[in-house]
Amino acid sequence: MPADEDLLRAESVTKHFGVGPPWSRRRLHAVDDVSLSIGAGRIVALVGESGSGKSTVVRLFAMLARPTAGEIYFEGRPLSKVRRRPAQLAYRRKVRIVFQDPFSVSNPAYRISHSLLRTARLHRPDVRPANRRAEIERVLDEVGLSPASEIIDRFPFELSGGQRQRVGFAEALLSRPRLILADEPVSMLDVSIRIGLLNLMADLRDREGVSVLYVTHDIASAWYLADTVAVMYAGKLVEYGPAERVLRAPRHPYTQLLLSAVPDPRVVLTLTEEDVGEPPRVIDPDEGCRFRWRCPYAQDRCAEATPALGPIEVGHHVACFVAPEMAPAPSSVPTEAL
Amino acid sequence: MAEDAVLSVRNLTVDYLTESGAVRAVDAVDLELHAGGFLGIVGESGSGKSTLLFAIAQLLNPPAEIVSGEVHFNGRDLVTLGESQLRHLRWREFSVVMQSAMNALNPVRSLGAQMRDACEEHGKISAQEIRKRSSEVLRMVGIDPVHLRSYPHQLSGGMRQRAMIAMALLFEPQLVIMDEPTSSLDVVAQRSLMIQIKRLQERLGFAVVFVTHDMSLVGGVGDELAVMYGGKIVELGPTQRIFSKPLHPYTAGLLEAFPSIQAVRRRLTGIPGSPPDLRLRIAGCRFADRCPDAGNECTRVDPPEEQIDGRLVRCIRVAERASRAG
Chain S
-8 MPADEDLLRA ESVTKHFGVG PPWSRRRLHA VDDVSLSIGA GRIVALVGES GSGKSTVVRL
52 FAMLARPTAG EIYFEGRPLS KVRRRPAQLA YRRKVRIVFQ DPFSVSNPAY RISHSLLRTA
112 RLHRPDVRPA NRRAEIERVL DEVGLSPASE IIDRFPFELS GGQRQRVGFA EALLSRPRLI
172 LADEPVSMLD VSIRIGLLNL MADLRDREGV SVLYVTHDIA SAWYLADTVA VMYAGKLVEY
232 GPAERVLRAP RHPYTQLLLS AVPDPRVVLT LTEEDVGEPP RVIDPDEGCR FRWRCPYAQD
292 RCAEATPALG PIEVGHHVAC FVAPEMAPAP SSVPTEAL
Chain L
5 MAEDAVLSVR NLTVDYLTES GAVRAVDAVD LELHAGGFLG IVGESGSGKS TLLFAIAQLL
65 NPPAEIVSGE VHFNGRDLVT LGESQLRHLR WREFSVVMQS AMNALNPVRS LGAQMRDACE
125 EHGKISAQEI RKRSSEVLRM VGIDPVHLRS YPHQLSGGMR QRAMIAMALL FEPQLVIMDE
185 PTSSLDVVAQ RSLMIQIKRL QERLGFAVVF VTHDMSLVGG VGDELAVMYG GKIVELGPTQ
245 RIFSKPLHPY TAGLLEAFPS IQAVRRRLTG IPGSPPDLRL RIAGCRFADR CPDAGNECTR
305 VDPPEEQIDG RLVRCIRVAE RASRAG
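Read top to bottom, the protein sequences are chains S and L. Quick note on numbering: this note's numbering labels position 54 of the first sequence as 45, and the sequence is numbered without any gaps. Count along the second sequence from 1, add 4, and you get the number used in this note's numbering.
Derived by calculation from the structure, the hints in this document are not laboratory data. Ideal placement from N, C-alpha and C gives every residue a C-beta, glycine not left out. The reader is advised that the hints may include incorrect statements.
[Stated by the list, open to error] So these bits of chain S aren't anywhere near chain L, every CB distance computed over 12 Å: (1) Thr59; (2) Ala60; (3) His114; (4) Arg145; (5) Arg185; (6) Gly187; (7) Ala217; (8) Arg239; (9) Glu278; (10) Val305.
[Unchecked claim] Label-pair restraints from in silico Cβ distances: (11) L/Gly314 to S/Ser140: 43 to 51 Å; (12) S/Val10 to L/Pro149: 22 to 30 Å; (13) L/Ala26 to S/Arg198: 41 to 49 Å; (14) L/Ala26 to S/Leu80: 27 to 35 Å; (15) S/Gly279 to L/Glu133: 37 to 45 Å; (16) L/Glu87 to S/Glu235: 54 to 62 Å; (17) S/Arg109 to L/Glu133: 55 to 63 Å; (18) L/Glu140 to S/Leu80: 53 to 61 Å; (19) S/Arg109 to L/Asp293: 30 to 38 Å; (20) S/Arg119 to L/Arg269: 38 to 46 Å; (21) L/Ala131 to S/Pro315: 42 to 50 Å.
When you get a sec, could you build the whole thing from the sequences and use the hints?
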């Protein structure tokens, strides 16, 4: 893929953390050799369980942490070269984060205008001080908070969880970003209001051309929203490709497991299925596939070498030795509408 | 009260006494749960579902207050019992699993120590029996008893929730009340916890009241489902029947609110608007201003409970809709 088509591209990005006492040599492999790209005006869903490393990827993309190895390119330029404050500020203007917990992200002592005005002052030199309020109201309106002129003077406790998360998107949007990193933005909200925020992200993509990295453990919402889906397990990307392929014809056994875990309210739970596993904490790992302990198809070779992410069809990548030899997923998911 | 009912709630009403007047969070709720049954209670934030659960477990604190109604558990009305009598029942006959295991567990005590506390507080058994029973309940929920020595931060979120459930089962209660026990977990852990609860229930025979905002969770497991809105139960009946043919427009909206992995991709709208402000006395149906099906009369008449198609529904246009749906 030519680099100029991608807004952000990660190449073999790795992040290790030291664990144990300071003299310990033990390393936690939070992210290992992850390569993916986010196209302009696209939504990429990064899907995985707790502990899979997806939030570390967000921190790396947000430049809140530097990779141990590998390189991240934004608009074709390597992030390792973004060192000086003006360049960092420019990056933070273009790449914004929306956090998971809308209840702890805002200072309860200030009206929401407080942090929005600060963002405007820092990131929007083109807006004259007298016009800042009007610009903020325009953005609040855009994320569906109306009447904006009233909302702007509210305190956080006067807003519902869904409204607070919309404020989070407004703050991100205020700097006119090209990419929003949304880390589980709806998982703390009631199911009934999640859909509104998913629609908001789709609208931002369609109207403003903003790209979104949508981090989630809810694979059904990834299906609803994303153009591209990347599935992570224990720090590794295990499957990556267009949503229609990854979620309709999943090839990696882990993706198949995730899909089978989606609650289908119309079917009574059968008690025969058993999977109480969770991603291992990967400390100084040996060679071998990290999913092999939970994998129904694991073979000897899965413990001997680590499967690399490779193409199984055009644009559809899988890190599994066995998958290419199996017929495309005996997926329980029908391709027809209900 | 039916013969085999373990829990029977009658006309339960809870007010929050605020400076600007009483806010009715739970309004004349009737519920019944048979021994070994599974009752799901779903609703949005502010629907009163957690207040209802706290009222059933007699855990309400001021300014919340039970204004009227009865909570019959094993033939006794919990509302009339004093604290010392309730203490005798808690853990032994009914137990509560709270939403956030991280907050409900003591971070500076090991699991074993916390189980010992509960046992010593509520029963008179020897240290050896306590150890045996603690290992036993942990094994039941799929946790290795070596974790009796672990502290909460050493466990994953899913294990913490399972440990909470293990503690709730220390005394083989007949009723376990659960307040969104899975909401902090991811999808895979949620599913394995639901399977675990269902399996334990089949083995030990306790009844479950399960409160959640995520309707899709209880679809596969619940016997009975109560949908709450604005402090009232708007639809109550067998879970599968409600899922296959919701009769209240709010239930139908909830079912439409989450994307399905099965469906083709199309834009969903959810339920526009937000839950009613319970400080205001609403004359008609509380859902009327968000209801796609509301007519003029809906804003005037408070819908009575109607028995239709094996369930109770609060909607004055329900008969019309039921016949339309076939």
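Status of each hint after checking the structure:
1. Chain L leaves threonine 59 of chain S outside its interface by the beta-carbon criterion, the shortest separation being 24 Å against a cut-off of 12 Å.
2. The non-interface label for alanine 60 of chain S is consistent with chain L: the shortest C-beta to C-beta separation is roughly 28 Å, beyond 12 Å.
3. No Cβ of chain L comes within 12 Å of the Cβ of histidine 114 of chain S; the nearest lies about 31 Å off, and the non-interface call holds.
4. Under the 12 Å C-beta cut-off, the non-interface status given to arginine 145 of chain S relative to chain L holds; the minimum distance is some 14 Å.
5. Some Cβ of chain L comes within 12 Å of the Cβ of arginine 185 of chain S; the nearest lies about 7 Å off, and the non-interface call is violated.
6. Its beta-carbon lying about 6 Å from the closest one in chain L, glycine 187 of chain S breaks the requirement of being farther than 12 Å from that chain.
7. Distance check for alanine 217 of chain S against chain L: the nearest CB is about 10 Å away, which does not clear 12 Å, and the non-interface claim fails.
8. The Cβ of arginine 239 of chain S sits about 9 Å from the closest Cβ of chain L, inside the 12 Å cut-off, so the non-interface label is violated.
9. Even its closest Cβ contact with chain L, about 25 Å, leaves glutamate 278 of chain S beyond 12 Å, as expected for a residue assigned away from the interface.
10. Non-interface status of valine 305 of chain S relative to chain L is upheld: no Cβ of that chain comes within 12 Å, the nearest being about 21 Å off.
11. Distance hint check for glycine 314 of chain L and serine 140 of chain S: the Cβ-Cβ separation is about 50 Å, which falls inside the suggested range of 43 to 51 Å.
12. Restraint check, valine 10 of chain S to proline 149 of chain L: a C-beta distance of roughly 26 Å satisfies the suggested window 22 to 30 Å.
13. Between alanine 26 of chain L and arginine 198 of chain S the beta carbon distance is about 45 Å. The supplied range of 41 to 49 Å therefore holds.
14. Our hint of 27 to 35 Å for alanine 26 of chain L and leucine 80 of chain S is violated, since their Cβ atoms are close to 52 Å apart.
15. Separated by about 44 Å at the C-beta atoms, glycine 279 of chain S and glutamate 133 of chain L satisfy the suggested range of 37 to 45 Å.
16. Our hint of 54 to 62 Å for glutamate 87 of chain L and glutamate 235 of chain S holds, since their Cβ atoms are close to 59 Å apart.
17. A beta carbon spacing of about 60 Å between arginine 109 of chain S and glutamate 133 of chain L agrees with the range 55 to 63 Å that was offered as a hint.
18. In this structure the supplied range 53 to 61 Å holds for glutamate 140 of chain L paired with leucine 80 of chain S, their Cβ-Cβ distance being about 59 Å.
19. As the Cβ distance of arginine 109 of chain S to aspartate 293 of chain L is approximately 36 Å, the hint placing it in 30 to 38 Å holds.
20. In this structure the hint that arginine 119 of chain S and arginine 269 of chain L lie 38 to 46 Å apart at CB holds, the actual value being about 43 Å.
21. One distance hint, 42 to 50 Å for the beta-carbon pair alanine 131 of chain L and proline 315 of chain S, is violated here, with the actual separation near 57 Å.
Checked against the numbered hints listed earlier, the structure breaks hints 5, 6, 7, 8, 14 and 21; every other hint is satisfied.
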